[in-house]
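Read top to bottom, the protein sequences are chains S and P.
Just so we're aligned, residue 1 is where the first sequence starts under my numbering, counting upward by one.
Just so we're aligned, residue 233 is where the second sequence starts under my numbering, counting upward by one.
Take the hints with a grain of salt, since some may be wrong.
[What the hints assert, rightly or not] So, partial list: chain P residues that the calculated Cβ filter (under 7 Å) puts toward chain S:
1. Arg244
2. Leu252
3. His264
4. Ala267
5. Asp276
6. His286
[As the list claims (entries may be wrong)] Quick list of simulated restraints, FRET-style, between CB atoms:
7. P/Ile245 / S/Pro55: 51 to 61 Å
8. P/Gln266 / S/His174: 18 to 28 Å
9. P/Phe256 / S/Val168: 16 to 26 Å
[Stated by the list, open to error] Computed footprint of chain P on chain S, listed as stretches where at least three residues anywhere in the stretch have a Cβ under 8 Å from a Cβ of chain P:
10. 1-12
11. 23-29
12. 88-101
If you are wondering where the hints come from, they were derived from the structure by calculation, not from laboratory data.
Backbone N, C-alpha and C define an ideal beta-carbon position, used for all residues, glycine too.
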Amino acid sequence: MYSRFLVSALFAGATAGLIAGILQLIFVQPVLLHAELYESGQLVHFGAEAVTAHPDLPGFDVMRDGLSLIFTMLTYTGYALIMIALMGIAEDRGAVIDGRTGLIWGVAGFVVFHLAPGVSLAPEVPGVAAADVTARQIWWFATVGAAAVALWLVAFGTTWMVWGVAAVLLAAPHLIGAPEPDVLVGPVPTEIGALFAARAFGVGLAAWVLLGSFAGYFWQREGVADTSTASA
Amino acid sequence: MTTVTQAQSRIRILPAFFALALGFGVIALTGHVQAAALHDAAHDVRHATGFPCH
Numbered sequence: 001m002y003s004r005f006l007v008s009a010l011f012a013g014a015t016a017g018l019i020a021g022i023l024q025l026i027f028v029q030p031v032l033l034h035a036e037l038y039e040s041g042q043l044v045h046f047g048a049e050a051v052t053a054h055p056d057l058p059g060f061d062v063m064r065d066g067l068s069l070i071f072t073m074l075t076y077t078g079y080a081l082i083m084i085a086l087m088g089i090a091e092d093r094g095a096v097i098d099g100r101t102g103l104i105w106g107v108a109g110f111v112v113f114h115l116a117p118g119v120s121l122a123p124e125v126p127g128v129a130a131a132d133v134t135a136r137q138i139w140w141f142a143t144v145g146a147a148a149v150a151l152w153l154v155a156f157g158t159t160w161m162v163w164g165v166a167a168v169l170l171a172a173p174h175l176i177g178a179p180e181p182d183v184l185v186g187p188v189p190t191e192i193g194a195l196f197a198a199r200a201f202g203v204g205l206a207a208w209v210l211l212g213s214f215a216g217y218f219w220q221r222e223g224v225a226d227t228s229t230a231s232a
Numbered sequence: 233m234t235t236v237t238q239a240q241s242r243i244r245i246l247p248a249f250f251a252l253a254l255g256f257g258v259i260a261l262t263g264h265v266q267a268a269a270l271h272d273a274a275h276d277v278r279h280a281t282g283f284p285c286h
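Construct all of the structure, not just a fragment, from the sequences and the given hints.
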């Protein structure tokens, strides 16, 4: 049973992570590199002269981008482990888990890990002002935890009271508020920051939907393998 | 039949929690530990994934 969890999470996480990493390098990385030109002072916004919106960006960097691919695959394998653990528990309670229902799990995972914390703590382009990192991490974990519980209650709850609790859990972190910087000193143009957040969310959603579907598919496939080994 | 299902559930809950803990460990490592080497290697991923960075 341990191997069913580990093997299906590894397959789903590595595959979705590889695709996520490639999407990130194509769509997010150029925006990030553009922002770094302002972070490092190579480009200056709000100066006397207009600045080109299409500067020359460094190309593919084997070391840096290779590490990004590896860490994206690792991160999505972490997500897959968490999602497949919950899929296993849900299946015990009667839920159908396969590649198709996995799509919904993927959307839910995106909401829990990207959208819920990102609504108040937007994906940060390099160079923006931000509050203390520890405070933001605590808020991030609390928000992700609350959203995870909330979506479980939405999916498997059966009464309005349970759904009400879910709504409160989803809203509470944002009503309390995320840690914010005291002053706004970021040198990056707002257009770049907004595009970065939008791209990060878009790539995140695509990757999570794939992850959910792969996780459901491999979980079911490994289950069939488990049963045939047991009966053989 | 019921006994079989119950036995299966009991077997499944432990590996599920094991996978859950391992998953959170991996996320914490790739996304949140601030050690310099790890931070630098995962820098672009952390920004793109919406983890708090720096």
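These are the hints, each one checked on the structure:
no. : hint                            : result
1   : Arg244                          : 6 Å, holds
2   : Leu252                          : 4 Å, holds
3   : His264                          : 6 Å, holds
4   : Ala267                          : 13 Å, violated
5   : Asp276                          : 5 Å, holds
6   : His286                          : 6 Å, holds
7   : P/Ile245 / S/Pro55: 51 to 61 Å  : 54 Å, holds
8   : P/Gln266 / S/His174: 18 to 28 Å : 25 Å, holds
9   : P/Phe256 / S/Val168: 16 to 26 Å : 24 Å, holds
10  : 1-12                            : holds (count 6)
11  : 23-29                           : holds (count 3)
12  : 88-101                          : holds (count 3)
Hint compliance for this structure: hint 4 is the single one not met.
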